[in-house]
Amino acid sequence: MTVDEDGDGWPDVPGDTALSVRVPEADSLVRAGFPAHVTVLYPFLHASRIDTGVEDRLTALFGSRERFTLHFREFRRHPGALMLDPSPVDPVRALIKDVRDEWPELIPYRGIFGDEGLDPHMTVSRGEGPDEYEAAYDALESEFASLLPLSSSVREVRLIIWDGTAWQDRTRYRLGDPPHPSL
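Heads up, the sequence shown is in the numbering used here, so the first residue is 197 and it goes up one at a time.
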């Protein structure tokens, strides 16, 4: 996701944030210009709106969810993107639902894919022109077929922020670790 220089619908601006699940086991597969991840919600609140109250709500929300393992077995194509679908998908959908229920005014992907966004996925490559992407994706699938399936233990959700140049980690929220009341 970068500034919309090529008109692909990603108008990231400094201070944009996202909630995502990192998949470091797949970093060697990803050619999309950012670490391997499954998006929970992009964009989330602008960084200027994230205060202690928001942080506490996210800590409680994600802390109430159990840790889980995702498996990635086969490629899928969406126009202009090569993806891997996570399995099981329900734990990711539950995280998305929790965040959307808490902040219903937030529309995934700025509505580019409708009000509900996309199904959970990990983008491997995107942005090739329509004349090139089928051949490019055929080559990537062939190159990476021997690396699948792969699995990733999901222990946290990350809040990341776009600084105008790159996405930076801001906060990590552990799953299965509800906040403890102060005495």
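Because the hints were derived from the structure by calculation, they are not lab data. We put the CB at the ideal spot given by N, CA and C, even for glycine. Accuracy of the hints is not assured; some may be wrong.
Pair by pair, the computed Cβ-Cβ distance ranges are [as the list claims (entries may be wrong)]:
#: 1; residue 1: 332; residue 2: 250; range: 38 to 48 Å
#: 2; residue 1: 249; residue 2: 332; range: 38 to 48 Å
#: 3; residue 1: 311; residue 2: 284; range: 36 to 46 Å
#: 4; residue 1: 252; residue 2: 301; range: 37 to 47 Å
#: 5; residue 1: 338; residue 2: 276; range: 36 to 46 Å
#: 6; residue 1: 227; residue 2: 314; range: 11 to 21 Å
#: 7; residue 1: 227; residue 2: 249; range: 31 to 41 Å
#: 8; residue 1: 231; residue 2: 284; range: 31 to 41 Å
#: 9; residue 1: 372; residue 2: 297; range: 41 to 51 Å
#: 10; residue 1: 273; residue 2: 298; range: 44 to 54 Å
Comparing the hints with the structure gives:
no. : hint                   : result
1   : 332 to 250: 38 to 48 Å : 39 Å, holds
2   : 249 to 332: 38 to 48 Å : 45 Å, holds
3   : 311 to 284: 36 to 46 Å : 24 Å, violated
4   : 252 to 301: 37 to 47 Å : 19 Å, violated
5   : 338 to 276: 36 to 46 Å : 19 Å, violated
6   : 227 to 314: 11 to 21 Å : 19 Å, holds
7   : 227 to 249: 31 to 41 Å : 38 Å, holds
8   : 231 to 284: 31 to 41 Å : 22 Å, violated
9   : 372 to 297: 41 to 51 Å : 19 Å, violated
10  : 273 to 298: 44 to 54 Å : 32 Å, violated
In summary, the structure is inconsistent with hints 3, 4, 5, 8, 9, 10 from the numbered list given earlier, while agreeing with the others.
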